[in-house]
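Model the full assembly from the supplied sequences, consistent with the hints where possible.
These are the residues of each chain, in order.
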Amino acid sequence: MTPEIFALCVFAALLELDTTYAFQLTFSRGIIAAPLMALITGDVMAGIQVGVFTELLFADVNPLGGILPPSAVVCSAVSLAMHAMGIELCFAFFFGVVGAILFSLAEKLVRKNRFKWLIFWEQKIIKKPSAVNRAVLLALGTSFLMNFILIFVFAWVCGQFMLWLLPFIPAKAYLACRFAYLIVPWIGLATLVPAFRLKAR
Amino acid sequence: MNFSTRLNIFLRSFFLQTGWNYMKFQNLGLTFVMMPFLKEVYRDDKDALPSVLQRYLEIFNTQPVMASFCFGALAKQEEAVAKAESLTKFKEKVTEWSSIKKGLSITTASIGDRLFWGTLKPLTLLLALLAWLMLGVNFFELELPQHIPLAYAISAGALAFFAFNAVSLFVKWQGIRISYDADEKSCFGLTRFDWNKTIYNAKRFGIVLAVGMILFGIYHYLKDLQDIDVHFVARAIVVLFCVMISFVTRKLRIPNMYLYLAAVAVFNIVCYL
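Residue numbers (this note's numbering), protein chains in the order written: chain X, 1 to 201; chain U, 202 to 474.
If you are wondering where the hints come from, they were derived from the structure by calculation, not from laboratory data.
Hints should not be assumed to be uniformly reliable.
[Stated by the list, open to error] In the DSBU-like style, the derived pairs of lysine-lysine whose C-alpha atoms are separated by at most 30 Å in a straight line are:
id, chain 1, residue 1, chain 2, residue 2
1, X, Lys112, X, Lys128
2, U, Lys386, U, Lys303
3, U, Lys277, X, Lys127
4, U, Lys398, X, Lys128
5, X, Lys124, U, Lys284
Being a predicted model, the structure only gives us computed values, none of them experimental.
Okay, structure coming up:
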């Protein structure tokens, strides 16, 4: 684990806060987050490709109501971290997508259980209104920490696993993963056309 | 509402979703956003604040950008609650406040989801993709060029970022002012904009961009093609087949990410057969 991958995970954990907890200025979108993260690893073109593919692949899941889409930041961060370890993008992206799905499941679990913590803070806020600032700060801090730990551990475990597995991977598996990686932008674009259906008016 | 309070609400609104939970959704965020305003309104009656906060800590959920319309309308109604002269009047105003909170949050969520997540997000994505392709950054190619100017790499993302935020920050800032000044007749300023027409026009523009994008992608594949070889045909068949499958999975409400994961598994099996 090099310092640049560590820095990438810290930066990704910060960017992930933008998805829900703070700002929502779209820093966490694949096309914005991935090229920015790629500046740390040095392969900007890989960042653009991962960002575009991530955004297109996740374009059909929107955060409507309580729906929690897979995290574009986690997908990009895991893919770029593994790519920086020397793993081909077609393999790294697969782990990125799996990581994003697992992350959204973990996030769902946290949100379900947060109300216990929240009841405690509600009592505090009612007694002392300024406690709301501390509650928000603490929520941001714990979210950042959780993001960092999950991204770092997942990227590290998958990276080490793939580095061990790489010499045993046959050319056929490489070809299959490349073909699957190839179709990502096209199925994403095919999703975007129906997204603009003119049913509103 | 003075400028500094409005600015304070605006800045705090970026943390509306902090503490999001499945029981009361954005209740902590709403309390955080409205706190400076509440402190100002109840400056002379600090004992009233705990019971006021209990109302704000109840369930609240809406689209984060359009929530600004709720902030302004709730602030206006809170002033009416604070100025209530009798208990009956107070209860009446509190009931009105609760119905505004519930009704407006649903309406703004509906508009916001369609405008920002359903239209503006995919539209700005297409803008970025087109910008990259026009700058010669071909992300379709799996063999990546190693050196592209840094400005090219950042510019398309920046274009999407500024296009999305120009609209969202404008709505966020203006929403607080408009909803505070407006009344119930104009649905707290929501009727000032023709949201349906805006969404309709944006979607019309979006469909042109989406089709243009697909044609541009096909052109990128075909322009350097000297003669059609077996690799090109194989790739084209695989892509077309997966696009067709994606239409079926969409009907079955299966997200594309699962289609991709299934493709990895299926292609591996096929390669070994």
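Decide if the proposed pair is consistent with the structure: X/Lys112 and X/Lys128, CA atoms, cutoff 30 Å inclusive. Given pair X/Lys112, X/Lys128 holds - Cα atoms ~26 Å apart, limit 30 Å.
Restraint check for X/Lys124 with U/Lys284, where alpha carbons must lie at most 30 Å apart: Holds - the C-alpha atoms of U/Lys284 and X/Lys124 are around 27 Å apart, at most 30 Å.
Quickly compare the C-alpha distance for U/Lys386 and U/Lys303 to 30 Å and report which way the hint goes. holds, 17 Å
Would the hint linking U/Lys277 and X/Lys127 be met if the CA-CA limit is 30 Å? holds, 25 Å
With the threshold set at 30 Å, check whether the alpha-carbon distance from U/Lys398 to X/Lys128 stays at or below it. violated, 46 Å
The structure fails hint 4 only (numbered hints given earlier).
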